[in-house]
Amino acid sequence: MTNHSLIDEHRDDEGSKTGMWIFIFTELLLFGGLFIVYSVYRYLNPMAFHLAAEELDVFLGTANTVILLVSSMTIAMAITSIQLKRKGLALILMGVTVLLAIIFMVNKYFEWTGKISHGIFPGSEILHQSSQGEILFFGLYYAMTGLHALHIIVGVGFIGYVMWLVKIDDVKHDDYVILENSALYWHLVDLIWIFLFPLFYLIT
Amino acid sequence: MIETLTQDSNPSFLDYKGRFKGLMGWIFSTDHKRIGLLYLYSMLVFFSIAAILGLMMKLELMAPGKTIMGAQTYNSFFTLHGITMIFLIVVPGLPAVFGNFFLPIMIGAKDVAFPKLNLLSWWIYIVGAFIALSAQFFGDGPPDTGWTFYAPYSFRTGTNMLPAVTGAFVLGFSSIVTGINFIVTMHRMRAPGMNWMKMPLFPWALYGTSWIQVLATPIVGVTLLMVVLERTLQIGFFDPALGGDPILYQHLFWIYSHPAVYIMILPAMGVISEIIPTFARKTIFGYTAIVVSTLAIAFVGYFVWGHHMFTSGMSGVALYTFSILTFLVAIPSAIKIFNWVATLHKASINLQTPFMWALCFLFVFMIGGLSGMVLGALSANVHLHDTAFVVAHFHYIVFGGTGFAFFGAVHYWYPKMFGRMYDKSWANIGLAIFFTGFNALYLPMFFLGMTGMPRRYYDYVEKFHGPNIISSLGAMFMIVGLIIIITNLVRSARHGVIAEKDPWKGKTLEWTVDSPPSLENFDEIPVVTDHPYKYD
Amino acid sequence: MDNGQHTHIVKYSTFVWILIILLVLTFSSVAITQLDLGVYTVTGALLFASIKSVIVLMYFMHLKFDKKFYAIMMAGIVLLLTSVIIVTFLDYLYR
Numbered sequence: 001m002t003n004h005s006l007i008d009e010h011r012d013d014e015g016s017k018t019g020m021w022i023f024i025f026t027e028l029l030l031f032g033g034l035f036i037v038y039s040v041y042r043y044l045n046p047m048a049f050h051l052a053a054e055e056l057d058v059f060l061g062t063a064n065t066v067i068l069l070v071s072s073m074t075i076a077m078a079i080t081s082i083q084l085k086r087k088g089l090a091l092i093l094m095g096v097t098v099l100l101a102i103i104f105m106v107n108k109y110f111e112w113t114g115k116i117s118h119g120i121f122p123g124s125e126i127l128h129q130s131s132q133g134e135i136l137f138f139g140l141y142y143a144m145t146g147l148h149a150l151h152i153i154v155g156v157g158f159i160g161y162v163m164w165l166v167k168i169d170d171v172k173h174d175d176y177v178i179l180e181n182s183a184l185y186w187h188l189v190d191l192i193w194i195f196l197f198p199l200f201y202l203i204t
Numbered sequence: 205m206i207e208t209l210t211q212d213s214n215p216s217f218l219d220y221k222g223r224f225k226g227l228m229g230w231i232f233s234t235d236h237k238r239i240g241l242l243y244l245y246s247m248l249v250f251f252s253i254a255a256i257l258g259l260m261m262k263l264e265l266m267a268p269g270k271t272i273m274g275a276q277t278y279n280s281f282f283t284l285h286g287i288t289m290i291f292l293i294v295v296p297g298l299p300a301v302f303g304n305f306f307l308p309i310m311i312g313a314k315d316v317a318f319p320k321l322n323l324l325s326w327w328i329y330i331v332g333a334f335i336a337l338s339a340q341f342f343g344d345g346p347p348d349t350g351w352t353f354y355a356p357y358s359f360r361t362g363t364n365m366l367p368a369v370t371g372a373f374v375l376g377f378s379s380i381v382t383g384i385n386f387i388v389t390m391h392r393m394r395a396p397g398m399n400w401m402k403m404p405l406f407p408w409a410l411y412g413t414s415w416i417q418v419l420a421t422p423i424v425g426v427t428l429l430m431v432v433l434e435r436t437l438q439i440g441f442f443d444p445a446l447g448g449d450p451i452l453y454q455h456l457f458w459i460y461s462h463p464a465v466y467i468m469i470l471p472a473m474g475v476i477s478e479i480i481p482t483f484a485r486k487t488i489f490g491y492t493a494i495v496v497s498t499l500a501i502a503f504v505g506y507f508v509w510g511h512h513m514f515t516s517g518m519s520g521v522a523l524y525t526f527s528i529l530t531f532l533v534a535i536p537s538a539i540k541i542f543n544w545v546a547t548l549h550k551a552s553i554n555l556q557t558p559f560m561w562a563l564c565f566l567f568v569f570m571i572g573g574l575s576g577m578v579l580g581a582l583s584a585n586v587h588l589h590d591t592a593f594v595v596a597h598f599h600y601i602v603f604g605g606t607g608f609a610f611f612g613a614v615h616y617w618y619p620k621m622f623g624r625m626y627d628k629s630w631a632n633i634g635l636a637i638f639f640t641g642f643n644a645l646y647l648p649m650f651f652l653g654m655t656g657m658p659r660r661y662y663d664y665v666e667k668f669h670g671p672n673i674i675s676s677l678g679a680m681f682m683i684v685g686l687i688i689i690i691t692n693l694v695r696s697a698r699h700g701v702i703a704e705k706d707p708w709k710g711k712t713l714e715w716t717v718d719s720p721p722s723l724e725n726f727d728e729i730p731v732v733t734d735h736p737y738k739y740d
Numbered sequence: 741m742d743n744g745q746h747t748h749i750v751k752y753s754t755f756v757w758i759l760i761i762l763l764v765l766t767f768s769s770v771a772i773t774q775l776d777l778g779v780y781t782v783t784g785a786l787l788f789a790s791i792k793s794v795i796v797l798m799y800f801m802h803l804k805f806d807k808k809f810y811a812i813m814m815a816g817i818v819l820l821l822t823s824v825i826i827v828t829f830l831d832y833l834y835r
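Listed in order, the protein sequences are those of chains A, G and X. When the letters of the first sequence are read in order and numbered with the working numbering, they come out as residues 1 to 204. When the letters of the second sequence are read in order and numbered with the working numbering, they come out as residues 205 to 740. When the letters of the third sequence are read in order and numbered with the working numbering, they come out as residues 741 to 835.
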């Protein structure tokens, strides 16, 4: 007579992590498709891309890069905290990660609204009068940073959910693979930005 | 429902009663076997819709000029026929139905690595299907771009593109989630003693397929997203007026869609590798070669996508690179055919329906594959691109390949899934009629293409009339065969003779469990010592 | 098959050092692009980005301490994407 609860008790942390890594690969390929588009159009319109990039604010871009790097550190530290049974510290570190993410989004909001108020957005009059390379640059800018921002929002939700699990002790020092997986997701978001930053802000 | 076939103390997965009752017990089930059947039943509905569309297209092509529909309707028909067949049937097809049902059992596991994600995968599939099919009913008319959604027409057409493209995008996630599930399952849940080189060939095929699903699908996902952005925001990626390149769309689209055809065919080859040793009652010839070929096809298949674009305007360097790689990727497929045929040498053949499907597969797959070689040659391609020749090629290789393997798999594993045997006479009659109709339908298309009949046209000049009549009559004959086959299968689920555990004397693990299997497949996880297909 | 946790714990200080290195690389990459290196600007920027990525992968994402399978697959993915871009450029470079 089989014990049906056995299926629910199947716990495989290594398998869970493997699944998360494969999901990360899919995300890399997803952004990879946009990188293919970027590389082709950059090759075909080098001067226009160079000129268009000067309209972006390097300071803001650098600040956002720093913000994400710090947030990667804090979420990584949160894992150490949980492993060392420091539940309170883990929650603080995860909270800081979320806070930094929100600041990133606020920066991005100002960047976007700034551009839009200057009439630079897909389909706008001003863009229509610019060179084709500029149109493509800003199309890629909005598409890639927009898709990235969507992933930040998902990441905030994911980490927030895990924070709740930590709070109710569903995640603890001997059972924390979902925290690891949420951290992996967050580092992925950071990785993508590490490439977006130079490709849009530093090609002047 | 189907009457109980096993004792109440260990009910079959069909009779098992969990938290939910009736229909809810199925659509909320995380049992990989029930999920496999959910996919099977859904696909039966979608396949019927797409087949009827195909039949109506053939009726239109029965004679020159307008027969039963005009150009716009015809365009929307081949679009929906393609979207349904590709994204709802042949891409998910074998992995979603037989991979779900049999992968865990064949490696000695009780379920897949992530059963809840598995159910989510089916739910995503259904949602994606509804979104895609809804495109038929709203807006300014059903999509008319073909399933390939080529730019710039796909963002200029007034027809209802957004649901079709969004539906395909959603369906991609179903594919990705299934792929992740299968990879982790095979890495982590093989029975003790089953090292990689003792795993049967259908799981190996699913392994290669799953990596393609995981690594190629995201690219079409983001490409479809770009089409949405083009249509709604005029983002400019594929619009020449804004600096975009329509050929880049084709690159991105085929970077997924070529590997996608290997998603279609690798599991089919895996099924053939299971059927042939069982009915030859002899171990498979060249197990290692088949494993290596599977991985080689998956890998090299990433780099041949340009052969769909030979006449698009690519550079000469791109042309001959893609042509050479296309010929290269045919080699591992050929190796498999040699191995299957070699298995039959001095074998003791048990001539049953699944085996006959496998033999028919060999025949049609070779026609499909060799016609692909013709298309892979640059000079021939200029002449044949976008003609009926291409349509014949891919129907032979996809319908003939994946489709025949699917029917073979259904008949092969039928007694295991339902605990009953199908009616063998009707199965063979159905196969004979279907096979005759299939070839009458598609063979003339090679000649039509070579003599210049274009594809995706509702009309043609008088000289193409004769072969078109044969083709359209073939379609009707084939549909009769299909109806017989499917009716037999549906009917036998309730009225068929009760089947034993191992009616074909197969040697892989699924034949050691009950027919139908219990909820957790095995009472005890087996310990594996032998290679698969071990016949004395 | 291990169902439990791997017990490797990374020290807080390690993470702090990694962050410092990453910040140094970030500011360096900004500084270097103020110089005019012509066509090598992109190469330089991507080089810095790649180094930063490897560091994030190895330490933050724990690849240095995990089973080699993950690092090998990651390298494989990067190779795949790079190869696809190269093959795509066989078209654009020679039109």
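Hints in this document: simulated from the structure, not taken from any laboratory. Fair warning: there could be bad hints in the mix.
Unchecked claim - No farther apart than 30 Å at their CA atoms in a straight line, the calculated lysine-lysine pairs in the DSSO-like style are these:
1. G:Lys320 with G:Lys402
2. G:Lys711 with G:Lys486
3. G:Lys709 with G:Lys314
4. A:Lys17 with G:Lys550
5. G:Lys320 with X:Lys751
6. X:Lys751 with A:Lys85
7. G:Lys402 with G:Lys667
8. A:Lys85 with X:Lys804
9. G:Lys320 with A:Lys17
10. X:Lys807 with A:Lys87
11. G:Lys550 with X:Lys808
12. A:Lys172 with G:Lys402
13. X:Lys808 with A:Lys108
14. A:Lys115 with X:Lys808
15. X:Lys804 with A:Lys87
16. X:Lys804 with A:Lys115
17. X:Lys808 with G:Lys402
18. A:Lys87 with G:Lys320
19. A:Lys115 with A:Lys17
20. X:Lys807 with A:Lys108
21. A:Lys167 with G:Lys314
22. X:Lys751 with G:Lys402
23. A:Lys167 with X:Lys751
24. A:Lys172 with X:Lys808
25. G:Lys711 with G:Lys667
26. G:Lys314 with X:Lys751
27. A:Lys115 with X:Lys807
28. X:Lys808 with A:Lys85
29. G:Lys320 with G:Lys705
30. G:Lys314 with A:Lys17
31. X:Lys751 with A:Lys115
32. G:Lys314 with X:Lys804
33. X:Lys808 with A:Lys17
34. A:Lys167 with X:Lys808
35. X:Lys807 with A:Lys17
36. A:Lys172 with G:Lys221
Claimed, not checked - Label-pair distances were calculated between CB atoms; the ranges are:
37. G:Ser338 with X:Arg835: 34 to 44 Å
38. A:Tyr43 with G:Leu677: 45 to 55 Å
39. G:Ser338 with X:Ile760: 52 to 62 Å
40. A:Asp170 with G:Ser519: 27 to 37 Å
The C-beta atom is built at its ideal place from N, Cα and C for all residues, glycine as well.
Okay, the hints, checked on the actual structure:
1. G:Lys320 with G:Lys402: Distance of about 28 Å is within 30 Å: holds.
2. G:Lys711 with G:Lys486: holds (10 Å)
3. G:Lys709 with G:Lys314: Satisfied, since the Cα-Cα distance of roughly 22 Å is no more than 30 Å.
4. A:Lys17 with G:Lys550: violated (48 Å)
5. G:Lys320 with X:Lys751: violated (35 Å)
6. X:Lys751 with A:Lys85: holds (14 Å)
7. G:Lys402 with G:Lys667: Judged against 30 Å, a Cα distance of about 56 Å means the pair is violated.
8. A:Lys85 with X:Lys804: It holds: about 23 Å lies between the C-alpha atoms, which stays within 30 Å.
9. G:Lys320 with A:Lys17: holds (16 Å)
10. X:Lys807 with A:Lys87: holds (27 Å)
11. G:Lys550 with X:Lys808: violated (45 Å)
12. A:Lys172 with G:Lys402: Violated: Lys172 (chain A) and Lys402 (chain G) sit about 38 Å apart, past 30 Å.
13. X:Lys808 with A:Lys108: violated (37 Å)
14. A:Lys115 with X:Lys808: Roughly 45 Å between the alpha carbons, so the hint for Lys115 (chain A) and Lys808 (chain X) is violated.
15. X:Lys804 with A:Lys87: holds (26 Å)
16. X:Lys804 with A:Lys115: Roughly 41 Å between the alpha carbons, so the hint for Lys804 (chain X) and Lys115 (chain A) is violated.
17. X:Lys808 with G:Lys402: holds (23 Å)
18. A:Lys87 with G:Lys320: holds (29 Å)
19. A:Lys115 with A:Lys17: Violated. Lys115 (chain A) to Lys17 (chain A) sits at ~40 Å, over the 30 Å cutoff.
20. X:Lys807 with A:Lys108: Roughly 37 Å separates the two Cα atoms, so the pair is violated.
21. A:Lys167 with G:Lys314: With Cα atoms ~33 Å apart, Lys167 (chain A) and Lys314 (chain G) exceed 30 Å; violated.
22. X:Lys751 with G:Lys402: violated (42 Å)
23. A:Lys167 with X:Lys751: holds (23 Å)
24. A:Lys172 with X:Lys808: holds (26 Å)
25. G:Lys711 with G:Lys667: This hinted pair is violated, its Cα atoms lying about 54 Å apart.
26. G:Lys314 with X:Lys751: Violated. Lys314 (chain G) to Lys751 (chain X) sits at ~39 Å, over the 30 Å cutoff.
27. A:Lys115 with X:Lys807: violated (45 Å)
28. X:Lys808 with A:Lys85: holds (28 Å)
29. G:Lys320 with G:Lys705: holds (29 Å)
30. G:Lys314 with A:Lys17: holds (20 Å)
31. X:Lys751 with A:Lys115: Distance ~42 Å between Lys751 (chain X) and Lys115 (chain A) Cα, so the pair is violated.
32. G:Lys314 with X:Lys804: Violated, at about 33 Å.
33. X:Lys808 with A:Lys17: holds (14 Å)
34. A:Lys167 with X:Lys808: Distance ~33 Å between Lys167 (chain A) and Lys808 (chain X) Cα, so the pair is violated.
35. X:Lys807 with A:Lys17: It holds: about 11 Å lies between the C-alpha atoms, which stays within 30 Å.
36. A:Lys172 with G:Lys221: Violated. Lys172 (chain A) to Lys221 (chain G) sits at ~34 Å, over the 30 Å cutoff.
37. G:Ser338 with X:Arg835: 34 to 44 Å: holds (40 Å)
38. A:Tyr43 with G:Leu677: 45 to 55 Å: Given a distance of about 53 Å, which is inside 45 to 55 Å, the answer is holds.
39. G:Ser338 with X:Ile760: 52 to 62 Å: For Ile760 (chain X) against Ser338 (chain G), whose Cβ atoms are near 53 Å apart, the range 52 to 62 Å holds.
40. A:Asp170 with G:Ser519: 27 to 37 Å: violated (56 Å)
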